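The lines below spell out each chain.
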Amino acid sequence: MKENVASTVVFILLLFLNTNLLNGQSPPGKPEIFKCRSPEKETFTCWWKPGADGGLPTSYTLTYHKEGETFTHECPDYKTGGPNSCYFNKKHTSIWTIYIITVNATNQMGSSSSDPRYVDVTYIVEPDPPVNLTLELKQPEDRKPYLWIKWFPPTLVDVRSGWLTLQYEIRLKPEKAAEWETHFAGQQTQFKILSLYPGQKYLVQVHCKPDHGFWSEWSPESSIPIPNDFSMTDATVWIFVAVLSAVICLIMVWAVALKGYSMVTCILPPVPGPKIKGFDTHLLEKGKSEELLSALGCQDFPPTSDCEDLLVEFLEVDDSGDQPLMPAHSKEHPGQGVKPTHSDPDSDSGRGSCDSPSLLSEKCDEPRANPSKFHTPEGLEKAEKPETNVTQPQGPQGTSVEGKIPSFHVSGSQSSTWPLLQPPGLHYSRSSYHSVAVVCKLGLGTAGAAPTLLDKTDTRALKPSQTIETGGEGKAAEHGESESFRSKTDQDAARLLPQDKTPLTSAKPLEYVEIHKVSKDGALALLPKQNENSGRAEKTSTPETSKEYSKVSRVMDSNILVLVQDRRAQNLAPFEEPAKEAPPSLPQNPAAVDLASFPAAPSNCRLQLGALDYLHPTGFMHPFQ
Amino acid sequence: MDNKGSSQKAGSLLLLLLLVSNLLLCKSVASLPICPSGAVNCQVSLRDLFDRAVILSHYIHNLSSEMFNEFDKRYAQGRGFITKAINSCHTSSLSTPEDKEQAQQVHHEVLLSMILGVLRSWNDPLYHLVTEVRGMQEAPDAILSRAIEIEEQNKRLLEGMEKIVGQVHPGVKENEVYSVWSGLPSLQMADEDTRLFAFYNLLHCLRRDSHKIDSYLKLLKCRIIYDSNC
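Chains A and B are the protein sequences, given in the same order. Per the UniProt record's numbering, the very first residue in the first sequence carries number 1; after that it's consecutive. Per the UniProt record's numbering, the very first residue in the second sequence carries number 1; after that it's consecutive.
To be clear, the hints were calculated from the coordinates, so they are not data collected in a lab. It should be emphasised that the depicted structure is a prediction, and the values quoted were computed from it without experimental measurement. Fair warning: there could be bad hints in the mix.
[Said to hold, decoys possible] Calculated lysine-lysine pairs in the DSS-like style (CA-CA distance at most 27 Å, straight line):
(1) A/Lys66 - B/Lys4
(2) A/Lys66 - B/Lys9
(3) B/Lys9 - A/Lys35
[To be verified] Incomplete in silico selection of chain B near chain A, CB under 7 Å:
(4) Lys4
(5) Tyr75
(6) Arg134
(7) His211
(8) Lys212
(9) Asn229
Positions of the beta carbon are idealized from the N, C-alpha and C atoms, including for glycine.
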């Protein structure tokens, strides 16, 4: 039974359904509430979208219920909002409350309901656009012209009570422009536009936004044409500026044109050409070299032979080593020029500086036992007796002397010429050691007074000296003569010694030794300088000139060169003998011995006179007294 | 001699006193521009007080709204929390005007007290909100920072409102009525769904109440200061 009823009902329903389907009718589709909006936070409206109507007239109903309430209400107003809308007026609107709204679609076939929509009016506020948008061009006299835009808030919004606070925004553009220029206006209901393009038509719009709400739609466009003569005052300013700048440019151009060159030279000075002061190019053109060179300030250009005087350094050599003093030498040739003028206590007067206490050192008091310590300075070919140049005794020569004889320093820079006491034509081959250092001159030499004094007092001495001289002169040319001379000198050592103090006559010409050359190993090759004044041709004899002291024996005290004659170069053998003979002869003569002992002392004495280039003969005298 | 010394001493002492007093005065002046509570003759104007209060309330609602949107986007999608967050705010017990007419009919003192009640009701929830958001896994900085800011600003607004009440309605002993919040256990629930809904509900209620306070204050400001002609 029941089964029959159930099946029957189902059958009927299916028939019904089929019938409806055949007709094309169906229940309505599900509607959808798509928007709810409140324009002033006092009312709100919801719109729905109906679904398929199913071919039948469908009615829609909106139902809602509020938060905290249980019963359901239906939409109070379907009309105000338009079709498919529901308008909630102030009475039905509660703020800060959730509305649960549902739309029901019903037709003959059936009905359907939309999904519930939860709506809180607080958050759906979207006002209407502002109204009464007005545009006005203002051109005050003392200010810039501008466009004045004014509007009013939407009518429904209650701003006066503070229920809503609106913020505005305007936008404008020339009619034919593509982009809008937007400006935020805040809460004010007016706005001024200053930058406008004259001669165009402008469009303006405004919209608003409530606090915590959404922006409204843009208001309808308002347009205003901008006249062509808009903002003329700006143009005058620009014209003035342009004219002024043009004037300034003209002035600058004129200034540059007038003084362009001087300005350019000031900025970029020309590169100076080469120029010699005081040099007249015209002289060069004319070819007058003398005037030209005098203008240059050069004297004696090209250099003459006189310049040689400046170029060559001379060593003064005392040739008085011929004196019997020499024989005291053992090894070398007693250099010439030894000098002991000593032995005459009275002869110190006029001797010169050698005797002065300031000059003499204490060491002078020690006579030398070994007379063979002297070394006459180089160049003593001329054994000029009266003139003796004492050289520094060398170390090996006499150890006793060494420590006591200070070394004289001869500065190489001194281009002084060492006048060599030149025995007339005497060939002084004996001197094998020559100290480059001090040359002590007896009387003669630098001091002019000494010689004069000597002349007066030592006439006696002079004689034998002259005798010797002459004797020497005669033999100067020959080697052999030197032997005799030496023997003579040996013999006369005693006599000569005291007479040695005559330094020498000023009449005697000074012989200069010239540094001929400096060899590789430091040997100085010395040559007697040819004295122009000297009338003794013999002096410049070949053997003399050929005599070279080119071998450096050793260096004393790091600044004294002891030169030795190069025996290979010269034939000194014959000379050596007499030298050797000399010493033995000395002892024979007791006076000579004594005297021989002296030479060292005075030589010492002389050597100690470091400051002086020359020694006065008095220096020799002193120790012997 | 004695006179000179004593006069000098007195002068220096006076100078010292002057200096100290100046320092104290400066300090007191520079500290607060607002009148001390209870003072009748206050120097800070009511207009300034209202302006400041409105700024604060507006700011607080902006923060709340952003915080809610952030949370909703991150945690509440597809969970249907809104259906459950109906009539769940703890401040609903406080009877407050629900629309403009009702609000305009309420006397401003009453309205002020209502504002104060709502503000006080949120002290405790805001404090716990900050604590619990910090404890959330992957605590979002956007939410946490705003929560901290809201808590602080809420305290300031409360102070300002009390000052306004002191000026508008001086001498009235006020009943401090506020709603007690009991949603802490929900915030600490182990169940993530329950806990998240608790957060959602709290943020939803905060957004609403901050808007309410802001609206009331703006109404009051226009009514009291501008005589309803803002």
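For each hint, the structure was consulted:
no.	hint	result
1	A/Lys66 - B/Lys4	89 Å, violated
2	A/Lys66 - B/Lys9	81 Å, violated
3	B/Lys9 - A/Lys35	84 Å, violated
4	Lys4	68 Å, violated
5	Tyr75	18 Å, violated
6	Arg134	28 Å, violated
7	His211	5 Å, holds
8	Lys212	5 Å, holds
9	Asn229	6 Å, holds
Violation of the numbered hints given earlier is confined to hints 1, 2, 3, 4, 5 and 6; the remaining hints are satisfied by the structure.
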